[in-house]
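Participant: Chain residues, written in single-letter form:
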Amino acid sequence: MIAALLSAAVLLQQIDTLRPSTLPRSIAIDERLAADRRIKLGDLLVVSPTPGGPGDTVTVSAFVRRRADPSEVARAEYRVRLHLHQLQSLIGYGDRVDRFAIATPSAAATDSAMRGINAPAFGFRAYRSRDIAVETSRTFLVVSRFHRAIGVITIVASAIFLLCIMLLKVDERRRDVAALRLMGISARSIVRSVMVEAALVAVIGSGVGVFIGWSAARIINWHYRGVYRTPLAFASVTPNIIVLAVSLSLVLGLIAGFVAAQRLVRVPALELLTGRHEDRAAAA
Amino acid sequence: MLFRLAWATLSRHRSRTLLAVLGVAVSAAMLLDMVMLSSGMRVSFKNLLLARGFQIRLAPKGTLPFDTDATIVRSSEITAALASIPDIATISPVLGGQIHVAARNGAVVSAIALGGDAAAQGDYEIIEGRAPTGANEIAASDDFLRAAVARVGDTLSAAAGYDPQLRSFAGSRPLIVVGRAKFIYTSAGQRAVALPLTTLQSMQGSAAADRVSFYMLRIRDDGRVDDVLHRIEREIPRVSGVSTQTAMAQVDERLSYFRQLALILGAVSLAVGFLLVTTLVTVSVNERLGEIVVLRAIGVARGRIVQQIVLEGTAIMFVGAIVGLVLGLGTARYLNSILSSFPGLPAAIDFFLFQPSDAWTALGMLVGAGILAGIYPSWRGASRPIAITLREEAVG
Amino acid sequence: MSGDIVVSARDLHRDYRMGGDDVHAVRGVSLDVERGDYVAIVGPSGCGKSTLLNLLGGIDRPNSGTVTIDGARIDRMRDNEATRFRLLKIGFVFQRFYLMPALTALENIELPMADAKISGSQRVQRARELLAYVSLDARRDHRPSQLSGGEQQRVAIARALANKPTLLLADEPTGELDAKTGAEMIDLIGRVNDDGTTIIVVTHDEDLARAASRVVHMRDGLIVDDRRQDAR
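Residue numbers (this note's numbering), protein chains in the order written: chain A, 1 to 284; chain B, 285 to 680; chain C, 681 to 912.
Honestly, the hints are just simulated from the structure, not real lab data. Keep in mind the model is a prediction, meaning the values are calculated, not measured. Yeah, the Cβ is synthetic: ideal placement off N, Cα and C, and Gly gets one too. Take the hints with a grain of salt, since some may be wrong.
One-sided excerpt, in silico: chain B residues whose CB lies under 7 Å from chain A [as the list claims (entries may be wrong)]:
| hint | residue |
| --- | --- |
| 1 | A304 |
| 2 | L306 |
| 3 | V310 |
| 4 | I622 |
Here are the computed distance ranges between Cβ atoms for each label pair [claimed, not checked]:
| hint | chain 1 | residue 1 | chain 2 | residue 2 | range |
| --- | --- | --- | --- | --- | --- |
| 5 | A | P54 | B | R508 | 35 to 43 Å |
| 6 | B | R508 | A | R218 | 46 to 54 Å |
| 7 | A | V152 | B | I468 | 29 to 37 Å |
| 8 | B | I468 | A | F140 | 38 to 46 Å |
| 9 | B | N570 | C | K844 | 31 to 39 Å |
| 10 | A | F140 | B | D505 | 40 to 48 Å |
| 11 | B | R664 | A | F211 | 25 to 33 Å |
| 12 | A | L248 | C | H822 | 25 to 33 Å |
Given the sequences, and given the hints that come with them, work out the whole structure.
Facilitator: Structure follows, in structure tokens:
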């Protein structure tokens with residue numbers, strides 16, 4: 001039976017021989033420790049509270065993978081799981097623990113359990129796991145805020161970029177637009193056609209962008225999972241994110257197309273064609 | 285004439301030029317921020333570590349200072365061993381813990397406590413009053429004094445242990461606030477007090493006797509830091525030593541995500557700026573192919589034409605870069621304020637630290653990109669066959 | 681005219697591929713032009729006259745044959761050599777003017793002089809002289825969009841004369857002008873020739889052809905007639 005993990009500095013020594021009179025108890029070690037020190041299942045180790053000091057001989061019975069917890073991702077220390085009594089005895093903790101984790105069948109049961117525990121509690125207190133998680137997730141929240149800020153800056157840059165490109169594209173075809181207007185095609189039709197083009201570019205562009213984002217997320221996860229040796233997902237492209245990205249780029253594209261087209265249709269057709277600006281006020 | 289023509293061409297399409305400059309400015313701002321981010325943490329952390337001149341930190345074997353609750357036992361032996369090394373100029377032992385104080389308003393205020401030698405400490409700077417040298421003296425941070433509703437000169441009843449259920453204190457004694465201090469390594473809003481090492485050890489009871497959390501060492505000669513570190517690890521195997529360089533390398537590794545992010549976002553910003561200018565130059569060249577080949581027809585050399593067009597693109601990049609540098613400083617402050625609230629990180633760490641070399645680097649990259657962005661489209665445009673292009677332009 | 685040959689073309693051929701078809705634009709044309717001459721090349725559309733002008737000016741290369749301008753084999757020159765040669769020796773005037781829209785009239789004339797490394801003050805002085813020569817001194821600070829077609833073409837002629845070229849080549853210089861403005865242009869070109877510049881124009885305009893001292897007729901890429909006519 002593996003007890004809850006207690007925070008303590010225990011040190012491990014690998015040994016090759018078994019003390020004849022003691023059957024070693026089992027421990028579970030961090031899979032990263034096993035990989036780094038080439039420890040296999042069944043290996044005998046000595047766990048002691050001080051470096052090089054006396055301790056207990058144990059056998060490795062399991063490897064443990066650390067959780068996908070963002071608050072732990074930057075922590076490099078190894079974790080080891082021992083039987084509770086063994087650890088208490090090893091570090092001289094006596095009949096003490098740091099905390100209990102309690103599972104309840106329902107939210108109502110959680111409430112009543114908390115009431116029941118806290119009322120007579122003597123030197124300890126019960127908290128909802130959710131409330132603890134909020135505290136320990138502060139790192140993650142800071143990183144999220146940072147990413148969001150970068151995201152906003154990127155969106156602003158993209159909007160300007162898009163407007164500039166649409167302006168260029170529309171400018172390139174001013175003679176064609178002038179010819180259409182002189183033929184009798186209305187300004188509204190021209191604006192509509194430019195906006196449709198802008199929308200198409202936006203949709204196709206976002207499709208390509210989603211694919212790039214999805215591929216980049218996979219590369220990011222593969223890389224950082226390797227660096228931090230964690231199962232945590234660092235980036236994920238969810239359906240909501242896809243919908244947001246496509247909608248946003250569509251809206252920005254339409255706005256950019258509208259602004260660019262409006263600029264063009266406001267100029268008299270003949271001026272668009274000849275490039276000559278007539279100062280009607282001066283002529284009058 | 286080259287500048288005149290480039291300027292005239294850019295001002296002919298004001299909205300387009302302005303938008304392109306704005307686009308480049310935002311890219312430049314992002315690029316500057318990322319250049320600052322890539323080196324800022326490192327420089328800031330190094331400045332922090334060396335703020336008081338201590339080049340080596342010793343912690344319990346296998347740990348980093350304050351990374352765990354582990355302590356170094358029989359610290360007096362270690363202090364004596366360190367004192368025998370002539371290269372070590374100053375030894376600063378530090379014990380970490382918690383103290384709890386009953387504030388005037390009835391609240392119980394908890395703070396991290398740093399026990400050390402006031403004459404040889406490297407954790408705080410006194411801003412009012414003096415350092416705590418007497419057995420019953422403390423210096424406190426502003427956050428602590430505010431929470432405890434206390435000021436310099438007040439006596440507080442402080443305890444090393446507190447049971448919130450029983451509302452009882454353990455290891456309590458009266459402590460006089462003799463100074464206000466700025467704690468170098470605490471995070472923003474963190475309450476902290478400093479007191480003599482022996483006082484904190486005594487408050488924590490027999491479990492803390494002759495124990496410290498870590499040592500800070502000042503070495504006489506910077507060039508001898510590694511040698512001293514190796515000697516210590518050989519002679520005192522129950523401690524792990526960390527030089528400033530090693531500490532920086534470890535922080536680099538833990539915060540490598542931000543450096544990599546900086547590299548990726550910086551590259552993307554540069555690419556976006558490059559794309560914008562390339563597109564602008566390409567469209568601009570396509571629009572005036574007739575003018576370009578006529579310049580060649582009347583005898584203007586191809587290289588001069590390319591120079592003039594590249595100058596247009598570079599001018600946009602340059603002006604955009606200047607605007608972007610100013611914008612970037614503003615966004616860096618904002619982004620820094622977000623990251624400064626990283627839990628557990630010293631408030632004195634800046635993620636975005638401005639160094640003039642960063643601005644030059646960003647400017648250089650942008651101008652270089654501007655030149656490259658203009659070269660291909662302008663060379664293509666200036667290399668078109670004159671007669672055929674004139675015919676096409678006439679038909680078009 | 682001096683009798684001194686300034687332009688000599690021998691057996692020029694120029695072929696194009698256009699829309700899948702092979703076009704033999706110039707098919708063995710030989711032509712000599714004396715210094716100070718005023719030659720009009722005329723013919724129906726597609727006869728190869730503009731192509732011949734481009735070959736003579738070095739802005740196109742013949743498939744075979746030679747072109748010698750003022751003793752230099754322009755058909756053999758590398759691109760940058762030919763460009764430099766055109767800058768200093770040949771002036772071009774085009775049907776569609778092709779002024780730099782972003783520059784003023786004065787600056788447009790300064791442009792070729794800048795590349796010829798003439799100092800700023802000298803450039804401005806000469807440009808003003810040329811503007812006065814074409815009677816546009818009052819419009820020197822106007823951009824092309826603020827000038828009429830005739831005014832633009834006069835600026836184009838002034839630009840072509842900036843570096844005092846040996847030869848002036850004009851491709852349909854009156855093509856986009858009305859009759860009255862066209863007549864003014866013909867007078868101006870005549871004046872340029874009177875002042876010593878050798879001129880070759882390509883034109884459909886009969887009045888312009890009549891103003892020349894020699895008319896060369898082309899058809900299907902060949903010269904079919906070449907005769908002097910009475911002086912103007």
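Participant: Against this structure, judge whether each hint is valid.
Facilitator: Hints versus structure:
About 5 Å separates the beta-carbon of A304 of chain B from the nearest beta-carbon of chain A, less than 7 Å, and the hint is met. The restraint placing L306 of chain B at the interface with chain A holds, with a minimum CB-CB distance near 5 Å, inside the 7 Å limit. Given the 7 Å rule on beta carbons, the hint for V310 of chain B holds: about 4 Å separates it from the nearest Cβ of chain A. Because the closest C-beta pair between I622 of chain B and chain A is about 5 Å apart, less than 7 Å, the hint holds.
Between P54 of chain A and R508 of chain B the beta carbons are some 37 Å apart, a value that agrees with the proposed interval 35 to 43 Å. Here the CB-CB span from R508 of chain B to R218 of chain A is close to 48 Å, well matched to the stated 46 to 54 Å. Checked against the hint of 29 to 37 Å, the pair V152 of chain A and I468 of chain B passes, with Cβ atoms roughly 33 Å apart. Distance hint for I468 of chain B and F140 of chain A: a CB-CB separation of about 26 Å, inconsistent with the stated range 38 to 46 Å.
Checked against the given bound of 31 to 39 Å, the beta carbons of N570 of chain B and K844 of chain C, roughly 34 Å apart, stay inside it. Range check, F140 of chain A to D505 of chain B: Cβ separation about 43 Å, and the 40 to 48 Å hint holds. A beta carbon spacing of about 30 Å between R664 of chain B and F211 of chain A agrees with the range 25 to 33 Å that was offered as a hint. Taking the beta carbon of each, L248 of chain A and H822 of chain C are about 47 Å apart, not inside 25 to 33 Å as hinted.
Hint check: violations occur at hints 8, 12; the rest are consistent with the structure.
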